[in-house]
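As a plain string of letters, each chain reads:
Protein chains: 2
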Amino acid sequence: MANAIRALAMDAVEAANSGHPGMPMGMADVATVLWSSFLKYDPADPAWPDRDRFVLSAGHGSMLIYALLYLSGYASPTITDIAKFRQIDSVCAGHPENHLIAGVECATGPLGQGLAMAVGMAIAERRLNAAFGDELVDHRTWVIAGDGCLMEGINHEAIGLAGHLGLGHLNVLWDDNRITIDGDVSLSSSEDIPARYLSAGWHVTACDGHDFGDIARALAEAAADPRPSLVACRTIIGKGAPNKQGGHNVHGAALGAAEIAAAREYLGWDAAPFEIPEAILADWRSAGAQGTAAHAAWQHRYAAAEPALRSALAGCLDDSLSQQVSAEAYIGALIAKPAKIATRKASENALEALQHAWMIGGSADLTGSNNTRIKSATAFAKGSYDGNYINYGIREFGMAAAMNGIALHGGLVPFGGTFLVFSDYARNAIRMSALQHARVIYVMTHDSIGLGEDGPTHQPVEHVMSLRMIPGLQVFRPADTVETAEAWELAIKAQGTPSLLVLSRQNLPQMRTEAGDNLTARGGYRVRAAKAARKVVLLATGSEVALADDIAAALEAQGIGADVVSLPCWELFDAQDSSYRADLLPADVLKVSIEAGVTLGWQKYVGDGLTIGIDSFGASAPADVLFDHFGLTEAKITPQILERLA
Amino acid sequence: MANAIRALAMDAVEAANSGHPGMPMGMADVATVLWSSFLKYDPADPAWPDRDRFVLSAGHGSMLIYALLYLSGYASPTITDIAKFRQIDSVCAGHPENHLIAGVECATGPLGQGLAMAVGMAIAERRLNAAFGDELVDHRTWVIAGDGCLMEGINHEAIGLAGHLGLGHLNVLWDDNRITIDGDVSLSSSEDIPARYLSAGWHVTACDGHDFGDIARALAEAAADPRPSLVACRTIIGKGAPNKQGGHNVHGAALGAAEIAAAREYLGWDAAPFEIPEAILADWRSAGAQGTAAHAAWQHRYAAAEPALRSALAGCLDDSLSQQVSAEAYIGALIAKPAKIATRKASENALEALQHAWMIGGSADLTGSNNTRIKSATAFAKGSYDGNYINYGIREFGMAAAMNGIALHGGLVPFGGTFLVFSDYARNAIRMSALQHARVIYVMTHDSIGLGEDGPTHQPVEHVMSLRMIPGLQVFRPADTVETAEAWELAIKAQGTPSLLVLSRQNLPQMRTEAGDNLTARGGYRVRAAKAARKVVLLATGSEVALADDIAAALEAQGIGADVVSLPCWELFDAQDSSYRADLLPADVLKVSIEAGVTLGWQKYVGDGLTIGIDSFGASAPADVLFDHFGLTEAKITPQILERLA
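The listed protein sequences derive, respectively, from chains E and S.
Each residue of the first sequence is one higher than the one before, counting from 0 in numbering that gives the first Met the number 0.
Each residue of the second sequence is one higher than the one before, counting from 0 in numbering that gives the first Met the number 0.
Derived by calculation from the structure, the hints in this document are not laboratory data.
Treat the hints with care, since some could be wrong.
[Claimed, not checked] Here are the simulated SDA-like pairs of lysine to any residue, each with C-alpha atoms no more than 25 Å apart in a straight line:
1. E:K534 with S:G606
2. S:K603 with E:L589
3. S:K374 with S:D385
4. S:K381 with E:S189
5. E:K603 with S:L609
6. S:K492 with S:P470
7. S:K603 with S:F616
8. E:K83 with S:T632
9. E:K603 with S:K534
10. S:K635 with E:P470
11. S:K39 with S:L308
12. S:K530 with S:A493
13. E:K603 with S:F616
14. E:K635 with S:D88
Based on the provided sequences and hints, a complete structural model is requested.
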């Protein structure tokens, strides 16, 4: 059975003349034991909520999971998909992508993130277990990780968090092959890995990764221990390729015809490429079928559960609470009593009004600054898994990846905060939210020089625009308390789409004073219409919308008509029809953008108009001093517009 | 003496009504012992090459270093600067900035990075020690770090690297106050920190951070041990503020008049704000003066050194080799024998031709892919500190920060590689290169869908443009082997400016066939001039320049004149005078941008012209299939241009 994995891995990589045979061949024995004796899954229903999650953190070894899914009987991938590994018309992409294959729980490849997402899945499992009990929610998260994953900083954040939270249902199988791309691990690391995991509160065991009995013993030990477990699986990379195994050259290239022939002989594998001998396939299929009974038993328990509990679980899983969220009444109250508050505070208020039972918040140790904790929140912690607030610690990247895992697990809507400038630390996980279609809500506060005295290391300049460039990410920079509430409503409802809220530290006046539709849903809208003949359209976001309004007033005082357009979400604005966009951005006027960040990018909307912003690093001083210093005041901008009009 | 630090910290934060008194007050005793009995420095010459480096990794405690510099006798900051802490006209910014004050070795605040930069400084020290011996180079790097630094992933990468390299001259003083912003450390971490450091090959000791004798004992032990050392300094945050000390509220806000009055009484400190009693200042100044003798002794050894060695050290420190680098002859050879090679390979070739003795390379475990290792390179490793190549391991962020530290130490030009998509992992350190004016050269390969089968997790889409947004960073995307050599020449010479080379995996034809000036130095230039009447200007970078050339040929075949402009470096292009730019980008033609990445941003140059690119994630398939799939072929682009012209 393990050799079937090896054969598929080497043949698929050979056919593509591209890919990574070393890991699948090295971990074939461990994976076989896991998938035939430990992992709880039902190939007939990849979405079974109480299935174990399997995460191939070492995503370059994608042929391992494709082989496992095919062999154990999943409908996808087919053997044809596997034969077209890494081709445009195959779901068997170079690295596993969750949106292409149902059995792939998350997209992996960016090292360390699979393991960190697994921590999120294990958090979600404990949270739902606390709500629904062992009968309905009681599964494990199994991870295969390599030295690449273990060396990454994010891995250390993830294991620190998992150890602290005591996530005993998380088991990591470390492919301890002592090889990295550049050569032996000893070229770049001398860490005592077991000691490192023990220091983080983990259980650690080890096994010979090519001895089925020893593997089973170690996995059983990992499953039994109440702590998260690391199983050091001592393996030979590329095991089965007799002349190349054990070296770094087997990691990431096709073996070549001669070595494949040698491997077939070495393994005693005489089936043609992409053919699995019937008896072996039957063994695999019967291993896969073992989950049928467990699944049926779960369905029985589900059917027998208290109706209220059953309906609550169904509602949790189908996300109905999110879809019922409406900001309308809350915004009505805001309109009735306008307030000048920071959008980070407006965010907290909106969260209080809109949050539901399956949302789970947190912050990377900036709770009081990000305002992510509602009054009734309780901590999700070891011994209190019914909590709905995670103290992620100073681990921005780990937090973001854990939120991806929580979202992909299903049942929960994660949100978490840090300072916008430190979105840099988490950037690839934010990208992975979008690539994986994961509804994660990022609460990024202190969004410009408006944070003041902390200075340029803490002042975002390029961040808002560069986040807008991540495909599929909704970046919201609301102008006031109303837009903030609208953004929250959209973010909570956005199944399959991550959102990132960019919020001010400083107070902002309320621009919206009339109730009505969620205008943020259109991405941009006219917040002020010209009174005199329109010659200017001012485009702004966030804290600069009020500034644009002041400028428009100054222009009108001179008889120059000026619209103000708020553009809280470019992604949504670009999705509007062309007549809507053209109405807001007419061709025959001077368009001026104002945003306390880089100007590069705004030319998309203003053409050869004016772009007002900050194309250098910030400085340390009170916010109002900085806005003046960087030229972001009515007194400094209006004359530039007048000069351009002249 | 320690209370002088406390007084300045609380008074400066109070005057600003903003800042972080907790750390400076808590670590005042440790810092006093370090700066009076261990640190090697001479306030009269902050640039003395053999000084110890002091890194305040917990940069929010900036008043600690400002107080230390002032008290010990540095010319900057003055007491006036300190009284204007966090104001626009003071060098005492909210977080320490190396370019504002000579005694600040690096800018800190983004947590974990100070410690990681210190690893780079310790690397540089060992490298230069190997070249110049103990007489001329023999100094330590001392770090003060808090729990925030220790929890960050980058810290784990950094200590793994430091332990592996055996950097015994690196000593980290951990402010073990058991408090983070959100509350007790135990809210988010259960790690056994000493065990964690031991697992990475560090020496660990501890002390009572308020017992001068015990501190001195621990620091002596750290200095004596051949391994990098962690000193756990058990402290009380905000020590001296009798009602607030020990709690998280003393971390990041002014104490208030009442608590300051109480602290003055508690500490027996009756001097007015910003006044240091004469006797105490005299003690501090005499502590600072202790370095004078060591500095003089070093100058004596320097003067007495072999002339060749002295001259080599002088050349190393004044960077003369970098300034002598010229690509002219090498490019002449390229012109003589055109080659179609990947720019990552062209980069390796350029490096072979241009590298000098004080460059130090590396890769985050992608040496064979990034092509960063020249043939004669030897590994910088424990026991062979004369090497010039660092196996950074799978630690992108740690590598980038270490390179910042190497560059800021002085004497060396660091360069290092990873895949462009993983620039995300290192992004804030790249930003910090620019903010700190550090000449670091990033070698980022596999720059687009052109990497092919590895798929969207590995294919940069938004990266080139989003890196262009970092102020002060030179992003080069060369089109061929000649532009790559030109970019390397510019990057090596760019004192005070980081460069990032964006390089292809796939082969690219040589576009430049005539010798002459370094055209990349102008950021953009005409690589093909229209033959027929010019109606189109095609703008492209990297692999798309050859594509633009094909399109221009197709247009010319239909009688439509088309220029092709290569824009390898926007930062340099924008610095050209307006007539140069206008000549390349005339107003009266259709401008078309072509780049295998997001189109957002190109509107800056093409106005309402066409922007051809990729605004979604990539896919897994061979590169040529992908270029066709995403519409980046002559056959698919030319018709769009014709349609627009019509």
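Taking the hints in turn, this is what the structure says about them:
1. E:K534 with S:G606: Holds: K534 of chain E and G606 of chain S sit about 20 Å apart, inside 25 Å.
2. S:K603 with E:L589: Status holds; Cα separation ~16 Å.
3. S:K374 with S:D385: holds, 16 Å
4. S:K381 with E:S189: Given pair K381 of chain S, S189 of chain E holds - Cα atoms ~11 Å apart, limit 25 Å.
5. E:K603 with S:L609: Roughly 11 Å between the alpha carbons, so the hint for K603 of chain E and L609 of chain S holds.
6. S:K492 with S:P470: holds, 19 Å
7. S:K603 with S:F616: This hinted pair holds, its Cα atoms lying about 23 Å apart.
8. E:K83 with S:T632: Within the cut-off at roughly 24 Å; holds.
9. E:K603 with S:K534: holds, 22 Å
10. S:K635 with E:P470: Distance of about 22 Å is within 25 Å: holds.
11. S:K39 with S:L308: holds, 23 Å
12. S:K530 with S:A493: violated, 37 Å
13. E:K603 with S:F616: holds, 20 Å
14. E:K635 with S:D88: Holds, at about 20 Å.
The structure fails to meet hint 12 from the earlier list, while all remaining hints are met.
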